[in-house]
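Colleague: Residue numbers (this note's numbering), protein chains in the order written: chain A, 1115 to 1766; chain B, 161 to 303; chain C, 1277 to 1537.
Hints in this document: simulated from the structure, not taken from any laboratory.
Glycine included, each C-beta is placed from N, C-alpha and C at the ideal position.
Only true hints are included.
When the alpha-carbon atoms are kept at most 27 Å apart in a straight line, the in silico DSSO-like pairs for lysine-lysine are as follows:
#1 A:Lys1247 <-> A:Lys1139
#2 C:Lys1330 <-> A:Lys1438
#3 A:Lys1180 <-> A:Lys1247
#4 A:Lys1180 <-> A:Lys1139
#5 A:Lys1204 <-> A:Lys1139
#6 A:Lys1438 <-> C:Lys1338
One side only, chain A facing chain C, incomplete, derived with CB under 10 Å:
#7 Tyr1439
#8 Cys1589
#9 Gly1590
#10 Lys1591
#11 Pro1594
#12 Leu1603
#13 Leu1634
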Amino acid sequence: MRIESGGAFEAHRRRVAEARVARRKTVLVCCGTGCLANGSAAVLDAFATRLTARGLNAELGVFVKKTGCHGCCQRGPLVVVEPGGTLYTKVQPRDVAEIVEKSIEHDETVTRLLYTDRKAGACTCQGDVPFYKHQTRIALRNIGRLDPRDIDDAIAHGAYAGLVRAVGHMTPEQVIDEVERSGLRGRGGAGFPTARKWRACRTAPGDRRFVVCNGDEGDPGAFKDRSLMEGDPHAIIEGMTIGAFAVGAHEGFIYVRDEYPLAVSTLTTAIGQARDRGLLGTNILGSGFDFDLRLSRGGGAFVCGESSALMRSIEGKVGEPRAKYVHATTRGLFDCPTVLNNVETWSVVGQIIHRGGEWFARLGTPLSKGTKAFSLVGKVANTGLVEVPMGTSLRTIVEEVGGGVLDGRPLKAVQTGGPSGGCVPESLLDLPVDYERLTEAGSMMGSGGLIVMDDRTCMVEVARYFLRFLTEESCGKCTPCREGLKQLLAIYEGIVAGRGRPGDVERIRTLAEGIRLGSLCELGRSAVNPLLSTLRYFGEEYRAHIERRACPAGTCRELTAYEIVHDGHPGRSAGVNGKRRGARAVQRPCNGCHVCVAACPVGAIAGERKRPHTIDQERCIGCGACYDACRVGAIRFFPKSERVAADADAAC
Amino acid sequence: MAIVLRVVTERCNGCGNCEMACAFVHAQGTRPAQPRIQVLGRHASPGPGTPVLCLQCDEPACLEVCPSQALSRDETTGAIRLNEARCIRCRSCVAACPFGNVAWDAARHVVVKCDLCGGDPQCARFCPTGALLSSRTGILTCP
Amino acid sequence: MPTLRVDGVRVTVPAGATVLAAARAAGAEIPTLCHHEGLEPWGGCRLCLVEISKPGWTGEGKIVTSCNYPAEDGLVVRTSGERVVATRRVVVDLLLARCPGTPLVQRLAREHGIEEASYEVNPEPTDCVLCGLCTRACDRMGVSAIASVSRGASRAIAPPFNQPPPDCIGCLACAEVCPTGHIAWSEADGRRTIWGRVFEMQRCEGCGRPHLTAAQAGWARARGAAEQDLRLCDACKREQLARTLRAVSRGETVAAQAAAS
Chain A
1115 MRIESGGAFE
1125 AHRRRVAEAR
1135 VARRKTVLVC
1145 CGTGCLANGS
1155 AAVLDAFATR
1165 LTARGLNAEL
1175 GVFVKKTGCH
1185 GCCQRGPLVV
1195 VEPGGTLYTK
1205 VQPRDVAEIV
1215 EKSIEHDETV
1225 TRLLYTDRKA
1235 GACTCQGDVP
1245 FYKHQTRIAL
1255 RNIGRLDPRD
1265 IDDAIAHGAY
1275 AGLVRAVGHM
1285 TPEQVIDEVE
1295 RSGLRGRGGA
1305 GFPTARKWRA
1315 CRTAPGDRRF
1325 VVCNGDEGDP
1335 GAFKDRSLME
1345 GDPHAIIEGM
1355 TIGAFAVGAH
1365 EGFIYVRDEY
1375 PLAVSTLTTA
1385 IGQARDRGLL
1395 GTNILGSGFD
1405 FDLRLSRGGG
1415 AFVCGESSAL
1425 MRSIEGKVGE
1435 PRAKYVHATT
1445 RGLFDCPTVL
1455 NNVETWSVVG
1465 QIIHRGGEWF
1475 ARLGTPLSKG
1485 TKAFSLVGKV
1495 ANTGLVEVPM
1505 GTSLRTIVEE
1515 VGGGVLDGRP
1525 LKAVQTGGPS
1535 GGCVPESLLD
1545 LPVDYERLTE
1555 AGSMMGSGGL
1565 IVMDDRTCMV
1575 EVARYFLRFL
1585 TEESCGKCTP
1595 CREGLKQLLA
1605 IYEGIVAGRG
1615 RPGDVERIRT
1625 LAEGIRLGSL
1635 CELGRSAVNP
1645 LLSTLRYFGE
1655 EYRAHIERRA
1665 CPAGTCRELT
1675 AYEIVHDGHP
1685 GRSAGVNGKR
1695 RGARAVQRPC
1705 NGCHVCVAAC
1715 PVGAIAGERK
1725 RPHTIDQERC
1735 IGCGACYDAC
1745 RVGAIRFFPK
1755 SERVAADADA
1765 AC
Chain B
161 MAIVLRVVTE
171 RCNGCGNCEM
181 ACAFVHAQGT
191 RPAQPRIQVL
201 GRHASPGPGT
211 PVLCLQCDEP
221 ACLEVCPSQA
231 LSRDETTGAI
241 RLNEARCIRC
251 RSCVAACPFG
261 NVAWDAARHV
271 VVKCDLCGGD
281 PQCARFCPTG
291 ALLSSRTGIL
301 TCP
Chain C
1277 MPTLRVDGVR
1287 VTVPAGATVL
1297 AAARAAGAEI
1307 PTLCHHEGLE
1317 PWGGCRLCLV
1327 EISKPGWTGE
1337 GKIVTSCNYP
1347 AEDGLVVRTS
1357 GERVVATRRV
1367 VVDLLLARCP
1377 GTPLVQRLAR
1387 EHGIEEASYE
1397 VNPEPTDCVL
1407 CGLCTRACDR
1417 MGVSAIASVS
1427 RGASRAIAPP
1437 FNQPPPDCIG
1447 CLACAEVCPT
1457 GHIAWSEADG
1467 RRTIWGRVFE
1477 MQRCEGCGRP
1487 HLTAAQAGWA
1497 RARGAAEQDL
1507 RLCDACKREQ
1517 LARTLRAVSR
1527 GETVAAQAAA
1537 S
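For reference, chain A alone in the conformation it holds in the complex:
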């Protein structure tokens, strides 16, 4: 059914919204990629089967909805029962019958499936869970609440209200002014003011213009764009349509990586439904404005997230960055003026137009307005998808939203911005998150990855990891990035393997500066950020690796040896496992519990139960599995070089 006008849209919206209010119960089953991987599809099926068996169906006002990512991926599969917002975590098909009986047929809760942590206790309502309580969701406002494959569900939740206002009651200039008032800056990482970009495109000469959505999220550990595309595709379509109206474009592309099959299929469905409703296509809502969208599926090269490479890829050429000093807003896709924005940027545009720029600008810091979505991962209790106002401190994100470091270990650093970003040390954790502060700290906002690192993270290895990623993803077009990253990687691989040489740090700095200044695109220019930031804050660890052949975190296998403590008084002061629950680092002698024996992948640990065990140093591969498994803190690590020296002494 096509909606012909703003008035007709409002009538339709009211109808679908009221129909939803009238529902007795709705079960929201998270079918984001994380929960799907944890088996939420089976949970969804179980609900359908169980409800049918109990004679509960739509006629009786009971609905099951397959939603996008709820965010708290750590506790998936997640199920929410509306009204009331009861959140059930780690739901398995066998739990479904009980949920149906208690939560749907009656208004009770299944206590054992509620979110529980030590601080908050058991939380019945989703909103009470600390993970959600400290968030402010704009981009993620409807993810997990609506069925991404049902446009009417999206409309009932407020989608396209901004579009109705824009095309029905505003001029393109007014739309840009409204975005300017919001202070919105690009969520892809660089933080360019969105309104300025739009205005440049609008005023650039040319008959044909494009709006493009960058859905080529490729940072290791980042999934916020994926979740947005999978969970609320209409917010993106609405934002792009408003943007197209503002800049005078009639064609748009969503560039999405093909490794996101769910996003591809969700977006395809959503675009089709938007066309059917007349929200895409010719004469949108009777305004005379034409706009249509196409999906362009990327082959998965990280560099295609770079704007010129992305546009070349859409053009059907090799996805390589193009060296040019003309902005895409003047000559972009097919050499026409083009606005390229990140998924998250487009997702908030509809809300900004609907609720006004000032509403958005009230959140955040003076220069970074609104909220920012992050993929919170790493050694944190609650990994998942979070959105907080700009200016929130990293500590709040990690401690409050994320529930602190996993296993109560000490926090060492937070890596932001993916391979182009840097590591912010624990000492700077009260840093308010905005574009400027992160850049000053030697990191960057990036596309919103937040990787939490504990004391068992070697910062040299972290730098090596990102370097390796970028060495593999460098397109190889320009010399510094292609040859320089390869050489840097060789140096780093030497350092973590105990082959570090004096002068390595200087070599790293010289190369990094050459790559930063000399590379063609942002991939190369920012590739050295992880190195530079770890050098800046963790220079001591580099020195330990190079000068003493020691890995302070005890994770570089070539440098680290493990032993089991029998007397509880370690002679040498290297890493000590304490399972620091309650912030105590206590080392106790081995009680012979045998857990480490099971954990050791190479059978290097021997010992009778209830008797202290020992590690066969010849067989030990230094993986640290025993250390991480030990519940009493009886295992310690120390530099292998000390063992070698001790052996030499013994031989004498």
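Fit chains B and C to the given chain A structure using the hints.
Modeller: Leaving out everything else, chains B and C in the frame of chain A:
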């Protein structure tokens, strides 16, 4: 005002001064270039030679096929000039010229063709018999 | 006609010119590897880096590649500032590690005061500097028989699937534009071999000398070259012209008209 270089075949005595002049005026350092003019038919009739060089065609086939716009008409002399820096050495012009007047210099790996010496063709200057006549006016009179 | 200042020298260049052209016009020496005036600017080798600033800019200048930065009015260009020289030196050093035995790269290294590579020398030395001139020349021919394959450090230039390229016309432009002579080809017994493909040469109908590949002739025909002009080699075409000129001087007008057409 184009340069017209007229060849009066019957006056050529086959001395080869024109080739020499061309080779030296286009020389790179001390190394003479492959001449853009060639005296042919020294044993044919009427003898003793026939100088051939680029006709600077009105619709030049060489310019037409060039993929990198390395050939262009010089506005002042009217010559079809080769911009060596733009040439990608595909030698399509050599194949396309109906008269064989664009050649490949295998020693220097460059395409060579007559450029009318920028307006003062040295072949004509050094021709002792008046077989090559250059004129600025476009109207020639035989002395 | 923008006027800019290069190393203190004022220079005016035609609109649309690049900073590289302006700098060279001003007498500055800027090394390049991937630049070719007949091909699209590529900006890959990063040797032509310069530092630019504009009136009103504060802080450090911006480091850009001069080969593709448009010469804008009022631009101030420094071709050998400290940062530029240091960065260029890193680039040359890296190239030397990649191509330790390549004379052109060795010369560049010497010019930048590098005796030997500061980094791990390529265990499989190559002469290919990955300047992309060959593929761009091939693209310019409209042939695109070769392309870059793979990425990062394993990037290489190759025909599709490393097989003899079906679209190659054997024009040798790739080999001719290669600055290091990395692209090998051979010609013997009327056969030309390049990229593993063997071309049977078309022989001149006058002297019998092999002078171009059939595919090259087809390429030229498709761009308006006349069939009869492709049958003879350039020497035989000159002989034909000489015969025509003699015929004219003998008063035979028919051949002259034929030649002129």
